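> Produce the entire structure from the sequences given, and follow the hints as far as they go.
Chains A and B are the protein sequences, given in the same order.
Under our numbering, the residue at position 83 of the first sequence is numbered 83, and the numbers go up by one with no gaps.
For our numbering, add 1000 to where a residue sits in the second sequence, where the first one is 1.
One thing to keep in mind: the hints can contain errors.
Said to hold, decoys possible - Not close to chain B: a few residues of chain A, all C-beta gaps over 12 Å, as computed:
#1 T3
#2 I12
#3 E13
#4 W14
#5 P16
#6 Q17
#7 L48
#8 S71
#9 V106
Said to hold, decoys possible - Partial list, computed: chain A residues near chain B (C-beta under 8 Å):
#10 L33
#11 V54
#12 A57
#13 L62
#14 L72
#15 D73
#16 G74
#17 A87
#18 L97
Since the hints were derived computationally from the structure, they do not count as laboratory data.
Since we're looking at a predicted model, the values are computed, not measured.
Just so you know, even glycine gets a beta-carbon here, dropped at the ideal spot from N, CA and C.
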Amino acid sequence: METWINNLASFIEWLPQVHLAHFLLLSAALFSLGVYAIITRRNAILLLMGIELVLNAANINLIAFSRYNGSLDGQTAAIFVIILAAAEAAVALAIVLNIFHRFSTVNVDEVSSLKE
Amino acid sequence: MPEQLLGDITKFLPEITLTVMFLVAICADLMFRKSPQIVAGITLTGLILSGAFVLNQSGMNESIFGNMIAVDPFAVFFKVIILMSAIFVIVFSLSSVELQTASRRLGEYYSLLGGLALGMMLMAGASNLLMMYLAIELSSVSSYILAGFTKEAPDSSEASLKYVIYGGLSSGLMLYGISIIYGLTGSLDIYEINHVLAQGSVSGSALAIAGILTLVGFGYKISAVPFHFWTPDVYEGSPITITAFLSVASKAGGFAVMIRFFKGVFIDPSATHLPEGMWASLSGFEWYHVVAAISVVTMTLGNLVALWQDNMKRLLAYSSIAHAGYMLMGVVVLSNEGLAAILVYFMVYLFMNLGAFYIVMVIANKTGSEDVEDYKGIGKRAPFLGVALTVFLISLTGLPPTAGFIGKLYLFAALLNSGWIWLAIVGALNSVISLYYYAKVLRNMYLRSEASEKKTEMIDIPRVQVATVLVLLVPVIALGLYFTPLVEMAQASVKMFGSP
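Structural data, given as structure tokens:
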């Protein structure tokens, strides 16, 4: 119990000194949440939100590495990714809207006329 | 610097031509909404012009725009394949009945096809991780729209939904992998990354995770198992013309970018003890073991599941998964010989696969069905189509005297020469399995006859379509008999910028 409290205390001390690892932890958490959402959710809109989380996790990585590596490539890449994510979201939402018109549902499990 | 950029622009002409063509096609579509043939003509002209510029680049071996894009024989070969299949697909689309259900939006269809071809051309040349990602996304976004183009059909809408979700996830995973590689090496440029990795200070396990995440993006493009889930549904639901294009050009782009990534990043340039044409992988991440495993699973699953398909498009979808598996065997070999075998295979695959899809489309135009059951008696009702489809399917199986045999022959030869005997055996067994489902179609065409009287009249085909089939059929037979020029061309095209 005591060592656990000591560990927690040192973790709390470590937190405010912002480091590369903090950003990587944040992005890993976002990435896992995104993948989790894609695996568990069946609503097409929520799936798209999961994909956005994954993309933004990668963005955080790119920008953090760029900041700590001292090269600008990562930040440039992040800008491109943001633009592409918007383009992809526009197309994806149009497709989901079309699905809603045809099937009156956005649940991906119910939209399945094509089968093995 | 500005002189440098201006000089680079002249080497970027094929892509610029396609971009201009894309913009002109959009404007033309606004003006001539009633006659989409005009837009088709503009796109076709742009593709042919771009093809002329690509051929003009043969022999060039340079890197342009600060190592963003490589203009080398390898890229030129794939660009030729992509442009040829785009031209064929536009010709196919002009005679498609299925697309007429959306005739008011056909102009958009042709202009998007041009945009899709542009994305794939960029994939063939990209030599920077950001550029690779952008090129893959450009082609993906266009193909999401095209897959759902006949949006009145529920199948097509469903296909595009599945495509966009799988596509979004795999490109997200790939980007995460790229961001880790960037963190480990501090660069997005593949030559620079290779340089840093060669010093050996990068953690192997982190690199392996990043490499596998990046592989997801490529695996999705070439529909390798286990990233293939979208393939059967998208191929079945999309318009046949788009299915044909995705199965050839999209795979070509995917293979080009994947081979350049692995060869550019993970090949040890300083290994001099090897015989000429062989490569050595940098220690830390032995990616070719991963690729070998994926290759075996891909071809086996593709062939086994194809056995009980009763829709022609779905059957050809699984067959195209299996073909991706065969071609991955060439990536495993780690030699110029294996790479040349992939190039030969791709050229052959272009003709035989497009041919098979075209005949499925022509028959569906007349009978309105893509079911294997409805192919009963086709051999008698449309003798020419029957014979042509037979040749294409025999070629897909890989039997002589067709071109498919030559493609397989070179792949297996490359495998045997570098000691991957077990992999060659698995590949050969898979070819035997594939014979069964191709032969099932042939049996239906010739040996089974339709019971009802109604369906015995002859199907007659317009001359233009006969000519198109002939254009695809002649190379399949000719390349099977006289293949030296193709093989020599492939061997000259394995050279990549910045690789030994």
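> State for each hint whether it applies.
Checked hints:
1. T3: Given a closest Cβ separation of 28 Å, the condition holds.
2. I12: Check passes; 26 Å lies beyond 12 Å.
3. E13: holds, 25 Å
4. W14: holds, 20 Å
5. P16: Non-interface label stands for P16 (chain A): nearest chain B Cβ at 23 Å, farther than 12 Å.
6. Q17: holds, 20 Å
7. L48: violated, 7 Å
8. S71: violated, 6 Å
9. V106: At about 9 Å from chain B, V106 (chain A) fails to clear the 12 Å cut-off, so the statement is violated.
10. L33: violated, 12 Å
11. V54: holds, 3 Å
12. A57: holds, 6 Å
13. L62: holds, 5 Å
14. L72: violated, 11 Å
15. D73: holds, 5 Å
16. G74: Holds - the Cβ of G74 (chain A) comes within 8 Å of chain B, reaching about 6 Å at its closest.
17. A87: holds, 6 Å
18. L97: Check failed: Cβ of L97 (chain A) comes no nearer than 10 Å to chain B, outside 8 Å.
When held up to the earlier numbered hints, the structure conflicts with 7, 8, 9, 10, 14, 18 and fits the remainder.
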